Every structure is written in structure tokens, then in C-alpha cells.
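Taken in order, these protein sequences are the chains called A and B. Read in order, the letters of the first sequence correspond to residues 603 to 902 in this note's numbering. Read in order, the letters of the second sequence correspond to residues 11 to 184 in this note's numbering.
Think of the hints as simulated: they come from the structure by calculation, not from any bench. Misleading hints may appear alongside valid ones.
Said to hold, decoys possible - Think about it this way: if two alpha-carbon atoms lie no more than 25 Å apart in a straight line, the pair counts; the simulated PhoX-like pairs of lysine-lysine are:
1) B:180 to A:636
2) B:144 to A:626
3) A:663 to B:47
4) B:171 to A:615
5) B:163 to A:626
Stated by the list, open to error - Stretch by stretch, here's where chain A covers chain B in the computed footprint (C-beta under 8 Å, at least three residues):
6) 33-47
7) 55-69
8) 73-79
9) 92-99
10) 110-122
11) 141-150
Values in this document were obtained by computation on a predicted structure and should not be read as measured data. The beta-carbon is built from N, C-alpha and C at its ideal position, and this holds for glycine as well.
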Amino acid sequence: MEKDPSDNDLLAKWLSDELSAEDKNRLEENRELKDLKAVINDIDTWSLRSMDTSSRIEALKPRLVKSKVISIGTWMRLAASVALLVTAFYIGNYFLNSEVIIETGVAEKKEVKLPDGTIINLDARSSLSYSKRNWTDERKVAISGQVFLDVTSGDSFTVNTEKGVISVLGTEFNVFVNEDDFKVDCYEGIVEVQSNGQKVKLIQNQKVVLKDGKLESTKVKEQSPSWIKGFSSYDQAKLSVVMTDLEKYYPVELTLPAKYSDLKYTGRVTHNSLKDALRSVFTTMEIEYVVNTDGKVDFK
Amino acid sequence: MSQSSSICEEQVYNHIYHEQAEKLRNYLYYKCGDLDKSEDLVQDAFVKLWNKCAEIIHEKAIGFLFTVANNLFIDQVRSQKVELRFEKSQYPQNNTDDPFFQLRTEEFRLQIETAISNLPDGQREAFLLNRIDKLTYKEIATRLGISQTAVEKRISKALLKLNENIQELKKYKI
């Protein structure tokens with residue numbers, strides 16, 4: 603429209619009347635802007651049917667857990683009743699939606715079989731939820747943490763996570779999601795991953811990682827994830843990352859001195875023996891440690 | 011630390027609902043073209059806000075609602091093309107005293123509606139939030155989680171496209 607391309611960028615400011623008189627006059631030399639303004643003036647009068655918020659919020663009330671509504675007040679009271687709320691929420695949710703929620707804590711692993719025969723393995727500190735009632739209509743689960751899925755073939759199967767959506771048709775794949783990371787490994791079949799407005803299709807032996815908001819694909823060498831076999835494999839991983847994993851698989855507290863946290867570790871760490879795990883990480887790096895009876899590990 | 015109003019308090023939560031629900035619904039409508047589905051998604055988003063009410067401070071509630079609604083929206087399989095329809099005031103037709111009468115015919119307005127529906131998602135949402143919901147560029151930036159400059163870019167592009175469409179339609183009529 604304009605000979606000068608940067609004038610096009612000024613259109614938004616022209617619309618909100620934030621241009622200098624000089625810029626405004628220059629832009630408005632173009633007669634087409636008169637038509638545009640007339641159309642915009644019309645659009646400004648358009649509307650959508652109004653929303654009856656009073657009745658809609660009333661309709662919403664049953665879905666807001668009752669015990670929470672009662673528990674108004676100071677933060678202290680809220681903290682004290684959190685345990686009660688969590689239980690009430692799960693029970694209420696179950697009866698209202700037939701929603702199944704499965705969680706693992708530290709050092710826990712669970713295998714879950716879904717109504718269609720799909721098997722899901724949960725790593726430590728992970729969760730899985732799905733609605734039993736809707737299972738015949740559509741297969742949809744929500745997960746957090748790390749899970750490995752072996753999906754029976756059939757209609758689409760969808761996995762929802764905070765960082766993205768994964769759709770599959772009969773495959774084996776691994777999903778890892780937490781505050782900082784989102785990774786999907788495909789071991790068999792075809793997996794479609796959606797995150798941040800991007801879509802990537804994975805086939806056997808491909809994986810995708812969310813880095814700086816972009817989905818990056820690479821290859822996977824193993825046939826199935828190592829955590830299923832009971833160990834973690836590291837290749838030049840920062841010690842701080844290894845610490846986080848150790849605290850996930852064992853009920854310990856590791857306060858690693860800052861001077862060690864950037865050291866790199868290569869090797870395998872078992873999930874089945876704390877003694878062996880600590881030995882394989884720290885003895886090879888010549889870091890002395892002491893395991894206390896309360897589960898805290900101190901370093902020199 | 012002073013106790014700012016908590017979303018877990020019914021009064022505060024209700025207030026947020028009355029203030030933001032319709033804007034959120036409209037935003038979702040601009041994305042999918044289905045008013046009922048949009049209202050359902052609004053309800054889902056507000057349930058999520060309630061469930062996390064202890065973790066979200068009042069000031070962050072609006073951003074949270076729009077982000078959650080966006081994520082819920084991504085879950086839906088979008089099968090049909092977006093076709094937006096608005097309620098419009100009536101203009102007296104063929105009033106030749108109006109220099110822009112050609113642009114006010116029922117037919118033309120429907121074409122403009124289609125042109126808006128065909129805009130790329132981001133541009134369409136930003137443009138309509140500004141013109142229909144009367145949100146400032148700054149307010150739109152907060153809701154969509156982007157910079158104000160990014161909002162202005164989207165709106166400028168939308169205006170450019172609309173201008174093209176208007177000129178094309180005018181030529182066709184003549």
C-alpha cells in the first residue's frame with residue numbers, strides 16, 4: 603500500500619491516534635485510508651451477544667469443590683487444611699467425573715493398565731489422570747513428570763501435559779515434562795507432538811526436546827528408556843542434574859557444595875541401591891561424602 | 011508482608027469472573043468461531059483458576075486465565091474453518107447522502123466479516139480484542155503474553171490486509 607515499508611508498521615499507531623501530526627498527514631495522503639477508517643468505524647459498532655455472567659457463575663459453583671469455598675481465611679488456616687482439601691478434591695472429582703488420578707512419590711514406580719489395554723509406566727514423582735467414563739469415546743490422559751506408554755492400536759490417543767500435547771496411534775513412547783524441560787522419545791510407531799504453536803511428527807527412534815521455546819528433533823539410540831530398566835545414563839551431565847535425579851529415586855537430601863555443581867559426570871547410576879548409586883557418582887569423582895541416618899548426605 | 015486480596019476468597023473470585031469472563035469468551039470465540047464452545051472453555055479455565063487460587067496472586071490472574079484457556083483450546087481438534095459473525099446496527103440502505111454508502115451495504119459488511127475471519131489467528135485476535143472489546147494494546151499484550159510492539163505489529167498487518175480486501179471489493183462492485 604505505501605511506498606515506504608515502515609509506514610505500514612505505523613498503521614497500528616495511526617489507528618490508536620498516537621502518531622505525530624506530521625506522520626499522520628503523510629499517511630493520510632493515501633486516499634485508501636479514508637475507506638479503511640470508515641470500515642473500522644463500522645466494525646467498532648459490532649458486538650457479540652452479551653454473556654450473562656451472573657447465571658454463568660452460578661452454573662460454575664458445583665464444579666468448585668465445596669470444602670475449598672468454606673475454607674476462606676488466613677494463609678495459616680489454608681495451609682492446615684491442605685491435606686483435607688486434597689483428599690476431598692480427589693474424592694469429589696472421582697465421583698463427579700469418574701476421573702482416575704495416579705501418582706508416584708519419591709523412589710516410587712507404578713505400572714497402570716488403562717481400560718483399552720494401554721500400559722503406562724510412571725517414573726518417580728510423576729502423575730497420570732484420565733476420565734474412566736469417557737474412555738470409550740476418546741482416549742485422553744494428562745501427565746506430569748516422566749511416563750512410558752505402550753498404546754494399543756485403535757482410535758487416536760492423546761497425552762496432555764503442561765508444555766504440549768502428544769497424539770499417537772498405537773505406539774511406544776516416553777514423555778518427560780517438568781518446570782524446565784519437555785522431551786518426547788518415540789520407540790515405535792508414529793507420534794505427533796504439539797507445543798508452543800509448533801507441530802512435529804516423530805517416527806521410531808526419533809526424539810524431540812523443547813529448547814528456548816523451539817522443538818528440536820534428534821535420534822534415539824536405545825530401544826526403550828533406561829529408567830524402565832532401573833538406571834539412569836549420563837553423558838557429560840552437570841552434577842546438579844544428577845543430584846536432582848538422585849533425590850527423585852531415593853528418599854535423600856543432597857546438599858552439594860556449589861563448587862561441585864558444574865562438574866560433569868559420565869556413567870550409569872542405578873535406581874535400586876543408594877549405596878551403589880552414590881558410589882558410582884562420587885567415588886569416581888573423588889568427592890568424599892557421609893550418609894547420615896536422617897537421609898541427609900554431607901559432602902566435604 | 012501485607013495480605014493482598016486472595017483469589018480463594020469468594021468475593022474476589024466472583025469479581026474477577028464478572029470482569030474478565032466475557033472478554034475471555036470473546037477471545038476464544040475469535041479463535042474458534044463457536045460461541046457456546048468458547049463459553050464452556052471459559053468455565054473450564056475458571057475452574058482451573060479456582061483450583062490454583064492459593065498459588066496465583068491477584069495481579070497475575072488475568073494472564074493465567076488467558077494462558078490456561080489457550081492451552082485448553084489447543085487440546086481441541088479444530089475441524090472447521092473459523093467463521094465469525096457479529097451483531098450489527100442497521101444502516102439505512104442505499105442512502106446516497108453518505109459518501110461511504112457502498113461500504114455500508116449488508117453484503118459488503120458480510121464480506122468484511124469473512125475477511126476478518128480469514129486473517130491469520132494472531133492478527134485476528136489482536137484486532138478484534140482492540141476494536142470489539144476495546145482493549146488497549148498494552149492490555150492485549152498482557153493477555154496474550156507478548157510485547158506491546160508485537161501487538162502493534164499484528165494490528166498493523168491486519169489493517170494492511172483489510173485495506174487490501176476493501177480496495178479489492180470496491181473494484182469488484184464497480
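Against the structure, the hints:
Proposed proximity of residue 180 of chain B and residue 636 of chain A is supported: the alpha carbons are some 13 Å apart, at most 25 Å. The suggested pairing of residue 144 of chain B with residue 626 of chain A holds, with an alpha-carbon distance near 22 Å, which does not exceed 25 Å. Taken as a hint, the residue 663 of chain A and residue 47 of chain B pair is honoured in the structure, with Cα atoms around 19 Å apart against an allowance of 25 Å. With a C-alpha separation of about 16 Å, the suggested pairing of residue 171 of chain B with residue 615 of chain A holds against the 25 Å cut-off.
This hinted pair checks out: residue 163 of chain B and residue 626 of chain A have alpha carbons roughly 17 Å apart, not beyond 25 Å. Using a Cβ-Cβ cut-off of 8 Å, 4 residues of the segment 33-47 of chain B lie near chain A, which meets the minimum of three, so the contact claim holds. Chain A is given as covering the segment 55-69 of chain B, and this holds because 6 residues of the stretch bring a CB closer than 8 Å to a CB of that chain, at least three being needed. Beta-carbon proximity to chain A at under 8 Å applies to 0 residues in the segment 73-79 of chain B; the threshold of 3 is not reached and the given coverage is violated.
With 4 residues having a beta carbon nearer than 8 Å to a beta carbon of chain A, the segment 92-99 of chain B meets the requirement of three or more and the stated coverage holds. For a cut-off of 8 Å, the count of residues in the segment 110-122 of chain B with a CB near a CB of chain A stands at 5, and the three-residue condition holds. With 4 residues having a beta carbon nearer than 8 Å to a beta carbon of chain A, the segment 141-150 of chain B meets the requirement of three or more and the stated coverage holds.
Of the numbered hints listed earlier, the single one contradicted by the structure is hint 8.
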